[in-house]
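For reference, the chains in residue letters:
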Amino acid sequence: MKNKFELLFTTLGLLSLIGGMFFGVIASLQFVFPGFLESIPFYKTRPLHVSLIVAWIFLSSIGGIYYYLPNYNNIKLHSRFLGILHFSIFLFTGILILICYFLGEFGGREYWEFPPILAIPIFVSWIIFGWNYFKTAFKTASNWPVYMWMWATGIFFFLFTFSEAYLWLLPQFKGNVIKELTLQWKAYGALVGSWNMLVYGTAIFLMEKIKKNSHIGRSKIAFLMYFLGLTNLMFGWAHHIYNVPTAMWIRYLAYLVSMSELIILAKIIYNWKKSLDESVKDFNILPYKFLVASDIWILLNLILALLLSVPAINMYTHGTHITVAHAMGSTIGINTMILLASCLFLIDKITKIEYTSGEIKTIKYGYTFLNIFLLIFWISLIIAGAIKGQDVVNNTISFKEIMTKINPILIVFSISGIGVFLSILAITIYPIKKSLIFLFNK
Amino acid sequence: MSRKTKQIIFFALLSQFLIYSLFVYISIPINNVGELSVNSQKGKLIFQKYNCIACHQLYGLGGYMGPDLTNVMNTKGKGKDYAKAFITSGTAKMPNFHIPPEEIELLVSYLEDVSKSGVSPTVDFNINKDGTVTINK
Ligand code: HEM
Numbered sequence: 001m002k003n004k005f006e007l008l009f010t011t012l013g014l015l016s017l018i019g020g021m022f023f024g025v026i027a028s029l030q031f032v033f034p035g036f037l038e039s040i041p042f043y044k045t046r047p048l049h050v051s052l053i054v055a056w057i058f059l060s061s062i063g064g065i066y067y068y069l070p071n072y073n074n075i076k077l078h079s080r081f082l083g084i085l086h087f088s089i090f091l092f093t094g095i096l097i098l099i100c101y102f103l104g105e106f107g108g109r110e111y112w113e114f115p116p117i118l119a120i121p122i123f124v125s126w127i128i129f130g131w132n133y134f135k136t137a138f139k140t141a142s143n144w145p146v147y148m149w150m151w152a153t154g155i156f157f158f159l160f161t162f163s164e165a166y167l168w169l170l171p172q173f174k175g176n177v178i179k180e181l182t183l184q185w186k187a188y189g190a191l192v193g194s195w196n197m198l199v200y201g202t203a204i205f206l207m208e209k210i211k212k213n214s215h216i217g218r219s220k221i222a223f224l225m226y227f228l229g230l231t232n233l234m235f236g237w238a239h240h241i242y243n244v245p246t247a248m249w250i251r252y253l254a255y256l257v258s259m260s261e262l263i264i265l266a267k268i269i270y271n272w273k274k275s276l277d278e279s280v281k282d283f284n285i286l287p288y289k290f291l292v293a294s295d296i297w298i299l300l301n302l303i304l305a306l307l308l309s310v311p312a313i314n315m316y317t318h319g320t321h322i323t324v325a326h327a328m329g330s331t332i333g334i335n336t337m338i339l340l341a342s343c344l345f346l347i348d349k350i351t352k353i354e355y356t357s358g359e360i361k362t363i364k365y366g367y368t369f370l371n372i373f374l375l376i377f378w379i380s381l382i383i384a385g386a387i388k389g390q391d392v393v394n395n396t397i398s399f400k401e402i403m404t405k406i407n408p409i410l411i412v413f414s415i416s417g418i419g420v421f422l423s424i425l426a427i428t429i430y431p432i433k434k435s436l437i438f439l440f441n442k
Numbered sequence: 001m002s003r004k005t006k007q008i009i010f011f012a013l014l015s016q017f018l019i020y021s022l023f024v025y026i027s028i029p030i031n032n033v034g035e036l037s038v039n040s041q042k043g044k045l046i047f048q049k050y051n052c053i054a055c056h057q058l059y060g061l062g063g064y065m066g067p068d069l070t071n072v073m074n075t076k077g078k079g080k081d082y083a084k085a086f087i088t089s090g091t092a093k094m095p096n097f098h099i100p101p102e103e104i105e106l107l108v109s110y111l112e113d114v115s116k117s118g119v120s121p122t123v124d125f126n127i128n129k130d131g132t133v134t135i136n137k
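So the protein lines, in turn, are chains A and B. Quick note: the first sequence, position 119, residue 119 per the numbering used here, numbers continuous. Quick note: the second sequence, position 83, residue 83 per the numbering used here, numbers continuous.
Simulated from the structure, these hints should not be mistaken for lab results. There could be a bad hint or two in this list.
[Unchecked claim] In the BS3-like style, the derived pairs of lysine-lysine whose C-alpha atoms are separated by at most 27 Å in a straight line are: (1) A/Lys220 x B/Lys4; (2) A/Lys212 x A/Lys364; (3) A/Lys174 x B/Lys49; (4) A/Lys209 x A/Lys76; (5) A/Lys135 x B/Lys4; (6) A/Lys211 x A/Lys76; (7) A/Lys273 x A/Lys220; (8) A/Lys400 x B/Lys78; (9) A/Lys209 x B/Lys6; (10) B/Lys6 x A/Lys211; (11) B/Lys93 x B/Lys49; (12) A/Lys174 x B/Lys80; (13) A/Lys135 x A/Lys349; (14) A/Lys220 x A/Lys274; (15) B/Lys6 x A/Lys135; (16) A/Lys364 x A/Lys211; (17) A/Lys273 x A/Lys209; (18) A/Lys405 x B/Lys78; (19) B/Lys116 x B/Lys78; (20) A/Lys267 x B/Lys6; (21) A/Lys400 x B/Lys84; (22) A/Lys400 x B/Lys76; (23) A/Lys400 x B/Lys80; (24) A/Lys267 x A/Lys220; (25) A/Lys405 x B/Lys76; (26) B/Lys80 x B/Lys49; (27) A/Lys174 x B/Lys84; (28) A/Lys212 x A/Lys281; (29) B/Lys93 x A/Lys405; (30) A/Lys209 x A/Lys139; (31) B/Lys4 x A/Lys139; (32) A/Lys267 x B/Lys4; (33) A/Lys212 x B/Lys6; (34) B/Lys116 x B/Lys84; (35) A/Lys361 x A/Lys212; (36) A/Lys139 x A/Lys4; (37) A/Lys267 x A/Lys209; (38) B/Lys42 x A/Lys174; (39) B/Lys6 x A/Lys220.
All of these numbers come straight from a predicted model, not from anything done at the bench.
Bound conformation, chain B alone (with noise of 0.2 Å):
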């Protein structure tokens, strides 16, 4: 493979690459879905400020010794109260970070809007014959 050819292989590589990229940028989100309003991008935050996300996952990111936060707030069963309670007491495994309660409703907040988002995780769905999933709503 001559220098030339293996130039020309990686501009190409790389320009697509590039245009991908700001393509993605402008085209997500979708119809809008996943907006945040101020509180919740300061709940956002707070999230990050406590590590939140070394014990749970959103859409199944994140670490593993907690459950996945995404519809916590959404969920029957759960919702606002329930995931005060365990933010302001913590478990044997949940620390208790003695977050003040100005805070405490930024990251509910957040978590409202994250569980508006979507779904996660998926329970509900269709395995196609190629390998791709249709999920049900």
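Isolated chain A (complex conformation) (with noise of 0.2 Å):
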């Protein structure tokens, strides 16, 4: 196998991508039909769904980081073997997680459902990524462009919020359930912000070599997103707890900090004639289109986060699916857009081999379907919650009488679930095929 370390982080991201939404496909099943697949019932499949989205999302993210750090900068990375070993631990505990959630042996909490002691290794790879990256990015001229920080960012608060969702073990913060719950919002609302500097990052950094234009990543603007962002990643967690009884100022703060990406709005909608014009010109370059669609999903998602944020709304769609409208819609239309991007761009530098011409097509085929599937996934998920939601305030009938009521929509969510499933197969098929071809060839 060739020494390449960072597209098999890329590959084996793809495949957790698969892997992830297959799991998806049959929790959702699940839900609408109880009894299918009972041999790995939901509460095995939902954590097996979300850690392999969760790894697929990290994975290629990281993949990307370390190829273009060095690469585009005309330095050599740190160390190729630190690399390598982030790469084996990585798999080894991945490996050990999947088995774990497949015997049912649990005992953390969601999102890290797996035991404890695994949170180890896990944080010891972050700890060599971080010395890698930050060991290579100070080789490289003292000025970074932006998504440099973003990377750097990425990696500091997935340390701190790795640590931060840990203390419940402690005896000091295990005794109180508001106490524990806080936290482990507070530490969520940075692990969010955390794969999102990687993701952004990675958007930027691709805009920038596409476009053929280096002051993307250098200008005042993207600077100051960039800080808004962080503000949100450190302040704007609380909207996760509105109706959590904490103290009512970190309420407060939260809705404040979580308006402020109104700016963000306004940024988008007012270039979106001058990016319109730009778009065009190169869309048929494959990775550009991801990264244009996902400009879309960024603008409805956004405004989606903001209603969510403003407490008088987020009485009624807390705890439905329009949170899972807002967690799927974002992670599928914003950053696995960008990441397939990445994937695309990185698999073509490193194996060029060319696609053939039914190949592209199908990709393309691939990339239509899965922004109609996805708006109608997204649209059910929306409906189906605002439903719910207006029902449990209004509390005149049960929680069983509900779900019956919202059973049809989740039917639709589902199948267009699978058409999201499909689009997304068909669009990294042919990828998954060209690396694992490179790789594998002496």
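Put the complex together from the two separate chains, hints included.
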């Protein structure tokens, strides 16, 4: 096998994406058809789905960073050995986690359901990544473009949030459920913030390379947006816990900070015409297509997120499928779109194998259908959530009746989910084939 | 923007964040709301061991196949025996985990303490003009 651990990260990421979606489809069918596939029940398929998806987001962004940072700065990565070690730990721990889930060995909390002991190798692997990143990055010119700041921030905050997410093991924290929940969601705010830093950094990097315009990553506005994002990562998390009885000021601060994202919304709308004109020109470049789609999904998801952050609206949407629409809308529409762009770009650069015209056609069809199905998927979750939210607040019918009422909509969600799965399969199957041929051909 | 300015903004934000974090760690809970007894702390670990949160929420946080369990112990018509019945037998959607009776007692103790800590979902509230809400007790 060739010494291309960057490609190994990316390929394993794509395989995790496919595996993750597969369990997502099963989970959704279990939702609407109780008893479906009883051998792997929902309480196993849900964590399998979410953890594999989280693995996809991290693996593919890490693979990209390992490749882009040295190769586009004409420097050498500090240590290829540490890169390979990082990959090996990720793979090994990942397999252990999957085995635990299949066996029903939990013990952790939402999103990190595995037994807490497995957090140790994950933590170590991020220390290794951070060490390698900073040792390499400090070899470059000192005036970093914004994406290097973002990647650095993403790594730092991962370590922070991950430590915070395990404070519940300490006696000072585990004796109070409100304290625990508050900290858990404080940590998750930074978790999502951390991967967003890695992913958005990648998006800006790719934009710069595709447009061949190094100003993009150095402009004042890019840095202002970065600092705004950072502020939200740090202080916006409490919009998840408006109805947990914590201090009022924590909620008000989160509300205020969350609303600052209106500035981002304004910027997108203000630049809309200009970016549209620009996008027409390069729309036939495959990775670029995905970046354009992510822009539209940013707009849609930002509007939804802003609405959910208003406490008065949150009272209705909290604890419903609207939260799932927000979570999956962003992780598919924004993160996955950008990371697919990055995978296509990176696999091209490393393998230098061309696609046949038939393969390109398949990818383009996949792209179109992905966006169509995702829209149906997203809207059906919002509708299901809105009905449930309204009924819960009205408090006149039982939980069971509410679920029966929204079942038909969840069936639409399930079917469109299968569409999302197949479309992403069409997009990724040839890139995966290309990297496997490259990796395993002597 | 010069490198210096960026560094200053970054470290200013970071230090604020660290202070804020420390403050959150220390200042919560307010008036000891949400204290867990020793048995409830064990019950919480049982709750995690069976991954109940994959289908249930506490304060609206969790998976959405099943109902929010925050107040299952102090809602009229529900309560200890009601909850135990679900946990011991399961339903069409909820699996029967064959949980040993001593673990069920711990789970129940945990859910009882959670019930005392607050209310979820919130159904009795007034909306203010600025988009915030006042929750009626
Ligand atoms: C790239 C593709 C996908 C990504 C990035 C993704 C991401 C996520 C995330 C982050 C969650 C957690 C949501 C939360 O806790 O609120 C989730 C939950 C879920 N996803 Fe996906 N997902 C993807 C594809 C799919 C597909 C194709 C299906 C099939 C219909 C699916 C079905 C589900 C279900 C049923 C849940 C659990 C919802 C619940 O607890 O009620 N996902 N997904």
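Item to complete: Starting from B/Lys6, check that the Cα of A/Lys220 is at most 27 Å away, please.
Response: Holds. B/Lys6 to A/Lys220 sits at ~10 Å (cutoff 27 Å).
Discussion item. Tell me if the straight-line CA distance from B/Lys116 to B/Lys84 falls inside 27 Å.
Written reply: It holds: about 18 Å lies between the C-alpha atoms, which stays within 27 Å.
Item to complete: Would you check the hint for A/Lys267 and A/Lys209, treating anything up to 27 Å between C-alpha atoms as holding?
Response: Holds: A/Lys267 and A/Lys209 sit about 22 Å apart, inside 27 Å.
Worksheet entry | 27 Å Cα cutoff - pair A/Lys400, B/Lys80 | holds, 20 Å
Item to complete: Measure nothing beyond the straight line between the CA atoms of A/Lys405 and B/Lys76; if it is 27 Å or shorter, mark the hint as holding.
Response: holds, 24 Å
Worksheet item: Under the criterion that the straight-line Cα-Cα distance not exceed 27 Å, is the pair A/Lys267, B/Lys6 satisfied?
Response: With Cα atoms ~21 Å apart, A/Lys267 and B/Lys6 stay inside 27 Å; holds.
Worksheet item: Between A/Lys174 and B/Lys84, is the straight-line Cα distance small enough, at 27 Å or below?
Response: holds, 24 Å
Practice prompt. Please work out if B/Lys42 and A/Lys174 have their alpha carbons no farther apart than 27 Å.
Written response: holds, 10 Å
Practice prompt. Please work out if A/Lys211 and A/Lys76 have their alpha carbons no farther apart than 27 Å.
Written response: holds, 25 Å
Worksheet item: Is A/Lys400 within 27 Å of B/Lys76, Cα to Cα?
Response: The hint holds at about 17 Å.
Discussion item. For a C-alpha distance cap of 27 Å, please report whether A/Lys135 and B/Lys4 respect it.
Written reply: holds, 20 Å
Discussion item. Hinted pair, alpha-carbon criterion (27 Å max): A/Lys212, B/Lys6. Please report holds or violated.
Written reply: At roughly 25 Å apart (the allowed maximum being 27 Å), B/Lys6 and A/Lys212 satisfy the hint.
Comparing the model with each numbered hint stated earlier shows that all of them hold.
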